[in-house]
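Q: With chain A's structure known, arrange chain B on it following the hints.
In order, the protein sequences belong to chains A and B. Our numbering numbers the first residue of the first sequence as 1 and each following residue consecutively. Our numbering numbers the first residue of the second sequence as 1001 and each following residue consecutively.
Hints are computed from structural coordinates only; laboratory data are not their basis. Nothing here was measured: the structure is a model prediction, and the numbers come from that model. A portion of the hints provided could be inaccurate.
To be verified - Heads up, incomplete: computed chain A residues facing chain B, CB under 10 Å, no partners named:
#	residue
1	N61
2	P82
3	G176
4	Y310
To be verified - List time: in silico DSS-like cross-link candidates among lysine-lysine, alpha-carbon distance up to 27 Å:
#	chain 1	residue 1	chain 2	residue 2
5	A	K80	B	K1130
6	B	K1339	B	K1413
7	B	K1076	A	K352
Claimed, not checked - Listed below are several chain B residues computed to face chain A (Cβ distance under 10 Å; list not exhaustive):
#	residue
8	V1041
9	G1044
10	P1050
11	L1052
12	Y1082
13	Y1084
14	P1085
15	P1088
16	L1144
17	Y1272
18	E1275
19	L1278
20	L1475
Beta carbons are placed, not taken as given, at the ideal position from N, Cα and C, and that holds for glycine.
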Amino acid sequence: MKQISIPDTTKASLDRIAAVNKKLNAIIYLDREKVLKEAEGTRRNVGGIATRGIPIAIKDNICVKDEPTTCASRILKGFKPPYDATVIRKLKNAGFITVGKANMDEFAFGSSCETSCYGPTRNPWNLEMIPGGSSGGSAAAVAAGEVSMALGSDTGGSVRQPAALCGIVGMKPTYGRVSRYGLIAFASSLDQIGPLTANVTDCAALLNVISGHDEMDSTSADLPVPDFTKSLVKNAKKLKIGVPKEYFPEGGIDKEVEKAISKSKDVLKSSGAEIVDISLPNTEYALSCYYIIAPAEASSNLARFDGDQYGLREDAKGTIEMHTKTRTAGFGDEAKRRILLGTYSLSSGYYKAYYLKAMKVRTLIKNDFLQAFKVCDVILTATSPTAAFKIGEKINDPLSMYLSDIFTIPANLAGIPGISVPCGFTKSGLPVGMQFLAKPFDEETLIRTAYTFEQNTDFHKKKPNL
Amino acid sequence: MKNFEVVIGLEVHVHLLTQSKAFCGCSTKFGLPPNSATCPVCLGLPGVLPVLNEKAFLYAVKTALALNCQIQDVIKFDRKNYYYPDLPKNFQISQYEMPLAHNGYVDIEHSGREKKIRINRVHLEEDAGKLMHDEKRGLSYLDLNRTGIPLLEIVSEPDLRSAEETSTYLQNIKSILLYLKVSDCNMEEGSLRCDANISVRPKGENALGVKAELKNMNSFKAVRDALSYEGRRQIDLRKKGEKIAQETRLWDEAKAMTAPMRTKEETHDYRYFPEPDLAPFTIERVEIEKIKSALPELPQVKKKRFISKYKVSEYDANALTRDRAVSDFFEETIRIVDKPKEIVNWLLGDVAAILNERKIPIEKAPFKPAHLASILRLIQSEEITGKIAKEVLQGVFDTGSQPEAIVDKKGLKQIKDAGELSGIIEGVLTENKKSVEDYKKGKKNAITFMVGQVMKKTKGKANPQKVNEILRKKLGSQI
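The following block holds chain A by itself, in its conformation from the complex (with noise of 0.2 Å):
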């Protein structure tokens, strides 16, 4: 076996960015030499763990220090946190290497990277194409070689998405598995870091490094974690998995993926999973739920950016005048759609209409979830009802692109974890992904699932020609 070193595998990382990003724009930032530097200070001092040297890209709305962190917006122009988030630190300690930001929707408002200020990133399978979003920097990276492993978030699928659309695996932990303390907020009730990697096994071992308990982040929660790698097990004997009727609406999915999620059903299903029929009834509500109540959190979360101390600031005579002025300037159409529906729905007269009942049936969902997890271990479905798709063919049809979400959208509305996972290609050759979601805090099954059904398949060993 070669022995590679850990500035070599740095700078393979590099060399592939300086081949392909230029066609991609998958990474936004990167500062060559500082990587390098870093690489050779953790080869002298970081010894004995397996996941030091390795390169990984993190999503440009993870705080890492002195680096520009901007949310891929105007609004947040040379804004460089002057600390790290718990997962960077995390990965630091840990000898990973982090080779720039990575490109995203403008705060993760989007499922295709398109709203960057950065410009779009490309889909690694076909230029054309859009690489899924919000984290579709992230995963058209890992996609393409760029980088190993990415960090992405996940508030409504955009994780898992991207993974789907870009051919590798994503996975949204279950809310609170991870520490939030340095993810700029979107909507905090929904928001959770995952890792986006080239197959099963990456994606344990990233979960390792950046799970558990952090005392900076209230909401995370205070249990042990588990190894995951010990999860990788080609093995789905005794295996529950239900398939819930909703996920297949008649004209709600593209026959292709539902071609490819059938197959793969015959794939788990002779490796000795039980596939079983499930329903969960409150599907058809997950959707206008999530932009009621993750709209009202991000107009409450992107007050800040308001250029008092940080970030984007316009020439105005006043304070309220210079405000309006910045962000006026500094944020999106999307952006400015979403912190208007959540501003609306927040308003006196209105909130309980829509705010309160969101969350309700926001419960409704949640119940329907763990009812289901009593008849099986594991849910399959479509991770999105279509590969992917133009640049430029939804943009400009905000409730069209929110469909890209419809499947992904109740895990993060129950806060349990979901991973997608490659099952397939459509006839132009673009992948497509399937998802699995378990009970809170069960990512060992959906690890132990995924992995059997990779190892079955090999999807996941091919590569996109760049």
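A: Frame of chain A, contents of chain B only:
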């Protein structure tokens, strides 16, 4: 002409005396260099999350229990959204629909009458920063040291009927907070602030009148002055048949009047919603009972006990119990020397004067209960005179030494030896022939002058009774 009554409800904001802020580890110390007690969390930088200060929460529960409130089973926080430069996140973490506690009361005694002032709610929130405006240069400065300091809001029902009554209520709240040691209640430093809702109505009517919200009252005097002014203003308007505007008014200390806030106030929609970054939590009943049973004796109860046990006057009992440290000092001294009346006189008289003059609280003074007890014993055993005792008191404050040591060192011991006094008195008589003549002519008060001369010679150490006695005898024998 109808008689009107004033109706007042008070919102008290108080800084809790925790070492660190409500949701981060920054210092709460007053007077640090601007923006030095800040961190990413209280600066509201992107990506940060709040973590509740457990001590702030416990202090809040303690206070609510002392105000006879019911504590909520589930504790949750809400976001109050509004844009202001002193609020870096542009929302304040507060408690809206479910305050930490509600339904309490405070007993007050006003013009000899006892009254219950109901508390509507008590809730915990974070303070905002401080803006300072330089009007000349047209610049504003922002100090975020205060941002995130735990703030307790205590809202009364509209049960107060006069400026004086409101002042008494505020004084009682302050005493309770000081007793609990949860706040320093320093109004000058802004750790105790209040706003009032004030309206007037014809006596006997139940419906409330249109209220004004009164702000910028930064001292007890300001509270009294502002509320009496505003009450009078509203009554005058009503008597003239004019309408009262619902508005926010500011107390102008210099002009001694209230005026509508200059800036046009927007109608605020705070868009409250549950704070998603802080998970709701429960507090066990047993835990609450534990805190309740550990509460100290509160001022109202202590006052009544002092009156019945030590037979002090109501006025003195009030003065003694206003400050827990003073009441503790009082009782500790009694434990050493059982002279309540004398202790009260010294504590509220000379001791209070010195503390006031030196601007130190009694608990920080070098003067301790044992010192006062010693002074009282020295007086009782006629080792020193009352006049000398005052000098000894100053000495203790200056040096922290024992009173006996000061007496010895300075030679302040009372002169009561008849022989020694006789000698001194002889001298005075020979030096003051005229006074002796006057006395003999019947000017009996000439003796007061001569006693004074003796005291002067002995630097106040002579026993006044003995001097009088010997003097009379000598003057008599000279006749």
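Q: Hint by hint, note whether the structure agrees.
A: Hints and how they fare:
Satisfaction of the interface hint for N61 (chain A) is found here, the shortest Cβ-Cβ separation to chain B being roughly 8 Å, below the 10 Å cut-off. With a cut of 10 Å, the hint placing P82 (chain A) at the interface with chain B holds, because the nearest CB-to-CB distance is about 6 Å. Because the closest C-beta pair between G176 (chain A) and chain B is about 9 Å apart, less than 10 Å, the hint holds. The closest approach between the C-beta of Y310 (chain A) and any C-beta of chain B is roughly 7 Å, which is under the 10 Å cut-off, so the hint is satisfied.
The hinted pair formed by K80 (chain A) and K1130 (chain B) meets the criterion: a straight-line CA distance of about 25 Å does not exceed 27 Å. Pair hint K1339 (chain B) plus K1413 (chain B) holds up; C-alpha atoms about 22 Å apart against a cutoff of 27 Å. A threshold of 27 Å between alpha carbons decides the hint, and for K1076 (chain B) with K352 (chain A) the separation of about 18 Å falls inside it, so the pair holds. The restraint placing V1041 (chain B) at the interface with chain A holds, with a minimum CB-CB distance near 8 Å, inside the 10 Å limit.
Because the beta carbon of G1044 (chain B) sits about 5 Å from the nearest beta carbon in chain A, less than 10 Å, this interface hint is met. Annotation: interface hint on P1050 (chain B) holds; nearest CB of chain A at approximately 7 Å, less than 10 Å. Interface restraint check for L1052 (chain B): the shortest CB-CB distance to chain A comes to about 7 Å, inside 10 Å, so the restraint holds. At a threshold of 10 Å, the smallest CB-CB gap from Y1082 (chain B) to chain A is about 9 Å, leaving the interface hint in force.
With a least beta-carbon distance of about 9 Å to chain A, the hint placing Y1084 (chain B) at the interface is held under the 10 Å criterion. Nearest Cβ of chain A to the Cβ of P1085 (chain B): about 6 Å, under the 10 Å cut. The hint holds. Of the supplied interface hints, the one on P1088 (chain B) holds, with its beta-carbon coming within about 6 Å of a beta-carbon of chain A, less than 10 Å. Given hint, L1144 (chain B) at the interface with chain A, holds; its Cβ is 9 Å from that chain's nearest Cβ, closer than 10 Å.
Because the smallest distance between the Cβ of Y1272 (chain B) and any Cβ of chain A comes to about 8 Å, under 10 Å, the interface hint for this residue holds. Look at E1275 (chain B): its Cβ gets to within about 8 Å of chain A, closer than 10 Å, so that hint holds up. Interface hint at L1278 (chain B): satisfied, since its Cβ lies 5 Å from the closest Cβ of chain A, which is below the 10 Å cut-off. Violation of the interface hint for L1475 (chain B) is found here, the shortest Cβ-Cβ separation to chain A being roughly 85 Å, above the 10 Å cut-off.
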